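Trainee: Here's the letter readout for the chains.
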Amino acid sequence: MSVYPQLPKSDITTLTKKDFATDQDVRWCPGCGDYAILAQVQRVLPSLGIPREDYCFISGIGCSSRFPYYMDTYGLHTIHGRAPAVASGAKCQNPDLNVWVITGDGDSLSIGGNHLMHALRRNMDLKIILFNNRIYGLTKGQYSPTSETGKKTKSTPMGSLDFPYNPISLILGAGATFVARAVDTDAKGLPAMIKRAAEHKGTALIEVMQNCNIFNDGAWTFISDRKEKPNNELKLEHGKPLIFGANGEKGIALNSSMRPEVVDVAEHGEENILVHDETNPAMAYFLSRLTHPDYPTPVGVFRCVEQETYDSLLHAQINEAVEKTPGKSVQDLIENSHIWEV
Amino acid sequence: MSKAAQTLELETVAIRFAGDSGDGMQLTGTQFTETATIIGNDIATFPDFPAEIRAPAGTLAGVSGYQLNFSSQDIYTHGDAPDVLVAMNPAALKANVGDLKNDGIIILNNDAFEGVMGKRNLQKAGFDQSPLDDGSLSKYRVYPVDITKLTLEAIKDCGLNQRAAVRSKNFFALGLVYWMFNRPLEHSQAWIDAKFRAKLPEVAEANQLALKAGYFYGETAEVFTHNYTVKAAQLEPGRYRGVSGNEATALGFLAAAELSGLDLFLGSYPITPASDILHFLSKQKHLGVKTFQAEDEIAAVCAAIGASYAGALSITTTSGPGIALKGEGMGLAAITELPMVVINIQRGGPSTGLPTKTEQSDLLQAMFSRNGDCPLPIVAASTPSDCFMAALEAVRIALRHMTPVMLLTDGYLANGSEPWKFPTVADLEPIDVQFATDPETYQPYGRDENLARPWAIPGTPGLEHRLGGLEKEHLTGNVSYDPQNHQFMTQLRRDKVLKVADFIPPTAIDGPDSGRLLVIGWGSTFGSIRSACNFMRNHGHDVSHVHLRHLNPFPNDLGEIMSRFDTVVVPEMNMGQLSLLLRANYALDVQSINKVQGKPFTEAELITAFTKTLGEEA
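Residue numbers (our numbering), protein chains in the order written: chain W, 1 to 342; chain S, 343 to 960.
Keep in mind that the hints were calculated from the coordinates and are not lab data. Bear in mind that the values here come from a model prediction, so they are computed numbers and not experimental data. Hints are not guaranteed to be accurate.
[Stated by the list, open to error] Restricting the straight-line Cα-Cα distance to at most 25 Å, the calculated cross-link-like pairs of lysine-lysine (DSS-like) are:
(1) S:K625 <-> W:K328
(2) W:K328 <-> S:K541
(3) W:K201 <-> W:K188
(4) S:K625 <-> S:K541
(5) S:K537 <-> W:K328
(6) S:K537 <-> W:K324
(7) W:K324 <-> S:K627
Using the sequences and the accompanying hints, generate a full structural model.
Mentor: In structure tokens, the structure reads:
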């Protein structure tokens with residue numbers, strides 16, 4: 001008989017958004033993009049067919065990382081940058097858990113860079129939502145690894161000297177098997193990404209362009225504002241051409257020296273517009289290099305490929321070992337040595 | 343047994359094998375140790391090797407040594423000074439001859455001292471001329487043996503090239519020493535075959551021939567007038583095997599997992615001298631053990647926390663520098679009150695320090711290196727085989743009190759080995775684990791009679807809750823900045839750790855219950871202190887010995903025990919860390935004896951110190 005509880009799972013058919021909300025006051029600033037993300041996650045989760053007790057939300061430190069306190073699931077608010085490592089341990093111990101990592105641009109790309117890279121490399125079956133507001137909010141306004149060069153902040157009064165990361169390029173470079181981007185206020189796009197990430201077996205990372213209205217307001221207006229969005233947002237769809245603009249009049253093509261160009265679709269010919277392929281690593285990387293203002297910003301799924309996950313390989317290896325050497329005990333191991341009697 | 347030589351019986355012998363890294367001295371020492379345990383001697387070992395993988399050949403920096411002490415009596419240490427030194431080259435002789443007993447035996451590889459190579463070796467070792475010629479070894483019994491030449495001669499038909507052939511010379515040396523101490527060859531012969539026969543049959547053949555050649559050299563060369571034998575020791579009746587500290591540590595955690603029914607999870611990162619535990623546990627997947635070599639020390643402890651959160655029996659192994667990195671993680675485990683064991687195999691510090699040398703200077707780090715008031719229970723092992731019970735004890739505390747626990751061992755214990763009267767796991771005290779299951783009564787930060795909170799793991803319906811590093815409200819576990827609550831919770835966490843003392847058995851005193859001198863030790867100084875105290879009492883001196891397994895909290899009776907003695911002395915391989923804690927805790931002065939040289943106290947050093955203390959008090 002196992003020491004672990006063997007209880008029947010709770011009913012998944014009646015789950016609603018309310019079931020995932022806690023009784024704790026949500027303490028983000030009024031107008032923070034985090035509210036929208038929380039709402040979308042709470043909306044999507046009931047539809048995934050997973051019992052509420054199997055969810056685990058694990059976060060680091062930052063405004064983003066207060067997230068688990070507002071979800072009525074198992075949650076762990078850990079230490080700055082280390083959530084992927086903690087989550088990896090939890091997932092390896094119990095692969096039946098549905099483990100989510102909530103992090104920010106500082107938490108995951110500065111102090112947590114190493115752990116993020118290795119979780120991605122291992123294809124640990126975790127769903128990572130990276131709230132990128134291009135600033136350090138909780139500590140009140142220092143620059144982050146995604147802040148623009150020259151940005152004046154509390155710790156960079158004469159302007160930041162750093163060149164920022166391109167998070168998607170970096171994450172693709174680490175070997176991520178599912179990479180997506182969404183805008184916090186996109187009521188269609190964000191839940192769609194959350195659902196696709198949830199369905200992916202392996203590390204699934206969504207970079208959410210999140211607005212911190214107190215310390216870095218307007219960082220993403222070019223893509224969240226209704227008027228600016230059509231010219232600045234490139235919606236990615238597997239198998240569909242890379243077109244954007246209010247009437248789909250613009251597209252992305254490669255010129256003769258393999259560089260991307262924004263072209264007029266009618267003039268250039270639709271057959272010459274690049275078609276998105278979620279399984280092509282070169283395409284994903286190439287798309288990650290399209291940045292505002294020279295290009296529209298891609299949102300949607302950059303990359304989605306099937307690959308074995310670390311946690312399933314771990315358990316397969318253990319099962320293989322158990323099958324090869326069944327019925328052994330620790331006593332057998334202790335006595336697997338030269339023994340003498342006095 | 344030789345016809346030409348007489349066999350004399352000895353009670354205790356210490357042999358030190360020394361050579362270049364790569365000469366196979368660790369292997370030679372280990373083989374001799376295993377053969378001695380098979381005969382039933384009590385044995386204690388001390389491998390002593392450099393941190394570098396391969397220092398330049400023939401240099402003092404590259405000398406690797408292995409000392410073992412074997413006896414027909416109960417012994418506690420690897421021996422203050424060797425009786426026999428086997429030196430494979432001039433550097434090995436230079437580095438070790440100073441420790442050899444007067445009239446000790448030196449067996450040296452003459453080939454490494456002669457010819458062009460010999461000249462270079464002597465130079466590298468800092469000899470102006472060969473010590474064989476200048477009378478500097480006159481107080482020892484020196485036996486120069488052409489080990490290299492004789493080995494090459496013995497194996498010339500094996501088809502090995504010069505470089506490979508020369509590697510067999512350590513087996514010649516082993517064979518010779520086996521003859522010297524009247525040991526059987528069978529165990530090593532079986533080992534050679536098991537290791538080499540399948541993949542490298544020529545090497546197996548060469549090693550077998552070299553082993554025998556060394557043995558027959560002893561028997562027939564008429565160089566030695568007698569050899570020796572050391573009878574089996576009258577240890578406590580029972581079943582024994584040899585074990586090293588690291589292996590015993592690993593076995594202890596495996597036993598704990600089996601007794602509790604929990605899944606064992608190790609998050610670790612390679613670091614000397616702890617890596618062997620990771621290696622050993624990685625091979626036990628058939629027992630369901632999950633080992634995770636993380637990307638760094640911090641990830642290792644964090645993965646262990648995550649696994650514990652999900653219901654594993656989590657451990658993380660490291661040495662001093664790794665503990666420094668894990669501090670924040672340990673604080674998180676402390677405030678989330680998750681059970682786990684952090685194991686520090688201590689080594690010379692500070693910083694990178696002396697990776698392959700032993701020390702016990704991380705006690706204060708274990709006590710204090712987390713931000714805030716963050717006490718943790720600390721358990722220390724005292725001998726290689728004691729690492730098994732110490733590991734079990736650490737787990738019991740972690741699970742019963744819902745707290746991370748620090749287990750301290752050190753390089754000397756980790757790599758040293760001794761006979762172990764091993765237990766039957768099924769007969770050990772069971773470990774009872776109860777996961778929370780009832781939503782009606784569950785409170786994340788509710789308390790039982792030990793002030794432990796209930797363990798509710800993800801996947802259990804109805805018990806959804808959040809844990810984290812922010813301060814927690816009593817009972818509910820919600821985030822709380824309330825001033826009174828913070829004071830209350832800080833005191834509760836302190837009281838929780840203090841309660842561990844209720845489960846510590848009465849402190850054992852070796853020697854009189856009261857008197858002039860009490861020696862308090864912890865960790866691997868056990869052997870040296872016990873030997874020294876036995877010696878003192880056998881010579882009519884009033885000395886008692888207490889060896890602490892629990893460093894935090896201290897046993898409830900310790901203060902009272904200390905008060906019964908005129909003087910308390912604390913020998914430690916650090917600058918006085920237990921001394922500081924005892925003084926702070928009991929407002930009592932103790933005398934601190936400090937040795938920070940990367941090697942254990944010798945019996946002689948302690949006898950001198952204790953005698954001086956008693957003399958001063960007379």
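Trainee: Next step is simple, just say for each hint if it's right about the structure.
Mentor: Tested hints:
For the hint linking K625 (chain S) to K328 (chain W), the alpha-carbon distance of about 13 Å falls within 25 Å, and the restraint holds. Restraint check for K328 (chain W) and K541 (chain S): not satisfied, since their Cα atoms lie roughly 28 Å apart, outside the 25 Å limit. Restraint check for K201 (chain W) and K188 (chain W): the C-alpha separation of about 23 Å stays at or below 25 Å, so the hint holds. Pair hint K625 (chain S) plus K541 (chain S) holds up; C-alpha atoms about 21 Å apart against a cutoff of 25 Å.
Annotation: proposed proximity of K537 (chain S) to K328 (chain W) holds, straight-line Cα distance about 24 Å (limit 25 Å). For the hint linking K537 (chain S) to K324 (chain W), the alpha-carbon distance of about 22 Å falls within 25 Å, and the restraint holds. At most 25 Å may separate the alpha-carbon atoms for a hinted pair to count; K324 (chain W) and K627 (chain S) meet this at roughly 10 Å.
Violated hint for the displayed structure: number 2, the only one.
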